[in-house]
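**Q** So you can see what is in the structure, the chains are spelled out below.
There are 2 protein chains.
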Amino acid sequence: MWKNNLRPKLTVQFYTQDKCFGPGVALLLSRVQEHHSLRAAAMSVGMAYSKAWTIMKHAEQELGMRLLNSTTGGKRGGGATLTLEGERLLADYTDYVNQLNAHSEALFQEKFSWLTE
Amino acid sequence: MWKNNLRPKLTVQFYTQDKCFGPGVALLLSRVQEHHSLRAAAMSVGMAYSKAWTIMKHAEQELGMRLLNSTTGGKRGGGATLTLEGERLLADYTDYVNQLNAHSEALFQEKFSWLTE
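Sequence lines, in order, name chains A and B.
Under the numbering used here, the first residue of the first sequence is numbered 724, with each subsequent residue one higher.
Under the numbering used here, the first residue of the second sequence is numbered 724, with each subsequent residue one higher.
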């Protein structure tokens, strides 16, 4: 075992001019998949709806694609679903992060074994 | 070229119970190598000395090793140099981050080419 359970932790962001996609947007998207609403998604992660909306619009603008389809009207007000591109981006980002984590852990064990000697 | 120059950016932290080593500590250590003083290192990155000292002590405590040798006294007051373990940790961390960045960029090009279609 590693001394003090020492381990690496990666944060993976996508940048254009500016940060545009990362764990925060990915979490919101996965919660929209679950709740079919950006408002409910924001609430589920303790974020103001206005902030979630701004983050999502910024991501869409920087990436040059729609991530959410808004459904308006009806008895229960508007909802949201992921576009096909939003679903693909979330799935590929999740897979990408998982692969990078696996690689970082293997390389950590290779390079930092001396920390436990 | 990638649409909007889209690219991944990793942040690599080491955790025990708590965050204990990452780009901030690594930058401080490299500035100590340059300036031979934690106070001058802190100033060079616009950080209060007290904060730099706290970050460094926390890292040393969590990692269970000294990173800095303090040299006290003399006409010009105390200075600091890296311990051998501090030097090795900084070099290995830098190399680790470089390798992870190279891997993340290669994998990004492989997985996200559809974003440019």
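Calculated directly from the structure, the hints in this document are not laboratory data.
There's no promise every hint is true.
Identical copies go unnamed one by one, so any copy, or any two together, can satisfy a pair.
[What the hints assert, rightly or not] Below are the PhoX-like pairs computed for lysine-lysine, each with C-alpha atoms no more than 25 Å apart in a straight line:
#1 K732 with K742
#2 K834 with K732
#3 K834 with K780
#4 K742 with K834
#5 K774 with K834
#6 K742 with K780
#7 K780 with K732
**Q** Now tell me if each hint is right for this structure.
**A** Hints, verified against the model:
When the C-alpha separation of K732 and K742 is checked against a cutoff of 25 Å, the pair qualifies both within a copy, at 19 Å, and between copies, at 9 Å. Within a single copy, K834 and K732 get their C-alpha atoms as close as 15 Å, and across copies as close as 21 Å, so both meet the 25 Å cut-off. Within a single copy, K834 and K780 get their C-alpha atoms only as close as 40 Å, which misses the 25 Å cut-off; across copies the closest is 23 Å, which meets it. Taking CA atoms no more than 25 Å apart as the test, K742 paired with K834 passes between copies only; the shortest distance there is 19 Å, against 30 Å inside one copy.
For the identical chains of this complex, K774 and K834 are neighbours neither inside a copy (40 Å) nor across copies (29 Å), given an alpha-carbon limit of 25 Å. In this homomeric assembly, K742 and K780 come within 25 Å of each other (Cα to Cα) only inside a single copy, at 13 Å, whereas the closest approach across copies is 31 Å. In this assembly of identical chains, the alpha carbons of K780 and K732 lie at most 25 Å apart only when taken from different copies (20 Å versus 28 Å within one copy).
This entry does not satisfy hint 5, going by the numbered hints stated previously; all others are met.
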